[in-house]
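Chemist: Here's the letter readout for the chains.
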Amino acid sequence: MNYRLLPIVLLATFGLAVAAETGTATRAPNAQPEIDFPLDAPAPDGRRPGGTITHEFTPPKLQDDENKDVRRERNYPEQPPTIPHSIRGYHVDINGNKCLACHSRANSSKAQAPMISITHYTDRDGQTLAAVAPRRYFCTQCHVPQQDVKPLVENNFQNIDVLLQHELPQDRQ
Amino acid sequence: MKALRALLKRYWTVLRRPSVHYSLGTLTLGGFVAGIIFWGGFNTALEVTNTEAFCISCHEMEANVYAEMKETIHYSNRSGVRATCPDCHVPHQWTDKIARKMQASKEVWGKIFGTINTREKFLDKRRELAEHEWARLKANDSLECRNCHAFDYMDFTRQSPRAAQFHSTALAAGEATCIDCHKGIAHKLPDMRGVPGW
Numbered sequence: 000m001n002y003r004l005l006p007i008v009l010l011a012t013f014g015l016a017v018a019a020e021t022g023t024a025t026r027a028p029n030a031q032p033e034i035d036f037p038l039d040a041p042a043p044d045g046r047r048p049g050g051t052i053t054h055e056f057t058p059p060k061l062q063d064d065e066n067k068d069v070r071r072e073r074n075y076p077e078q079p080p081t082i083p084h085s086i087r088g089y090h091v092d093i094n095g096n097k098c099l100a101c102h103s104r105a106n107s108s109k110a111q112a113p114m115i116s117i118t119h120y121t122d123r124d125g126q127t128l129a130a131v132a133p134r135r136y137f138c139t140q141c142h143v144p145q146q147d148v149k150p151l152v153e154n155n156f157q158n159i160d161v162l163l164q165h166e167l168p169q170d171r172q
Numbered sequence: 000m001k002a003l004r005a006l007l008k009r010y011w012t013v014l015r016r017p018s019v020h021y022s023l024g025t026l027t028l029g030g031f032v033a034g035i036i037f038w039g040g041f042n043t044a045l046e047v048t049n050t051e052a053f054c055i056s057c058h059e060m061e062a063n064v065y066a067e068m069k070e071t072i073h074y075s076n077r078s079g080v081r082a083t084c085p086d087c088h089v090p091h092q093w094t095d096k097i098a099r100k101m102q103a104s105k106e107v108w109g110k111i112f113g114t115i116n117t118r119e120k121f122l123d124k125r126r127e128l129a130e131h132e133w134a135r136l137k138a139n140d141s142l143e144c145r146n147c148h149a150f151d152y153m154d155f156t157r158q159s160p161r162a163a164q165f166h167s168t169a170l171a172a173g174e175a176t177c178i179d180c181h182k183g184i185a186h187k188l189p190d191m192r193g194v195p196g197w
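Sequences listed follow chains A and B, in order. No gaps in the numbering here: position 84 of the first sequence is 83 in numbering that gives the first Met the number 0, and each next residue is one more. No gaps in the numbering here: position 82 of the second sequence is 81 in numbering that gives the first Met the number 0, and each next residue is one more.
Do not take every clue at face value.
In silico lysine-lysine, DSSO-like type, Cα no more than 30 Å apart, as pairs [claimed, not checked]:
hint: 1; chain 1: A; residue 1: K60; chain 2: B; residue 2: K69
hint: 2; chain 1: A; residue 1: K67; chain 2: A; residue 2: K149
hint: 3; chain 1: B; residue 1: K187; chain 2: A; residue 2: K109
hint: 4; chain 1: A; residue 1: K67; chain 2: B; residue 2: K96
hint: 5; chain 1: A; residue 1: K97; chain 2: B; residue 2: K8
hint: 6; chain 1: B; residue 1: K96; chain 2: B; residue 2: K69
hint: 7; chain 1: B; residue 1: K137; chain 2: A; residue 2: K97
hint: 8; chain 1: B; residue 1: K96; chain 2: A; residue 2: K109
FYI, nobody ran anything at the bench for these hints, they're computed from the structure. This structure is a prediction, so every number in the text was calculated from the model and none was measured.
Generate coordinates for the entire structure from the input sequences, incorporating the hints supplied.
Modeler: Structure, rendered in structure tokens:
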């Protein structure tokens, strides 16, 4: 009869042992703290060069989204194009999707907006659906408006044309 | 019961008896002054109920539509011009205003008897409430919007190309009015299934 309790007793003992071990480990009197930063550690250079963790900078001013309605170049064909217009106050939620009021198949001609391409109607199994695929519903996951500001981090991206140019053998130039 | 009847009867006779002590002039003037006071009081009451503070003194409004409006351009913008609830929801013309107020009494009824006393009940009713507003703005050609945004003074060259394109075509031709294209500018939207254009 009592053998039934054995596993539980064993488990409890084991648990106690584990607990005791970590207990002693953290409570060891002369354990060194692993990180030894002063409170004011230097912040990584990049977004806020020169600052420390506690240093407060005045944040840059908020800018309006660029709203020129001119479609921008894409850096590679699979890039989700950036949004060339303001999307302030557009609701995209369970109740409705303002973007589709102009970009869906049915509405794009009225709005003279580019229709969301076929990829937006295709689910992950390659099935083309009647309406926008759920995985493409939240447009701003991939498409974002742009602001005319100095980039925070420098970027030396080169597109494929530039790269190919470099690849060309010198003698053929 | 009998005493009450007697009392009422006494007042009735007083009311019916022609005046002895006051001249007709005094009475007329008195009536006039009293009229002004009542009218003023009525209009003051109207004014009080026509402020945003009144609208959001009701918890349902404050926690739902007001909270949502705070994020929008009609609450905070660079020029500091604000639209308050009555700016968009109460007509300026007197007859229209009274009509809207009588309609609103029904909403106060709803408040007192708890038709919409939780966020869930509000969301359930939202489509219906929104449709009332859409229908109203559609019927009056978005009068409330136009009280602030006059089409005649819109400078298309200062608008974004997209805005100018729509305003100079469908809006200018009268095919559509503000609310047809600008739903949900002040609050979150209800379920939009089946709404034309969505």
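Chemist: Quick one: which hint numbers does this structure break? Sort them smallest to largest.
Modeler: 4, 5 and 8
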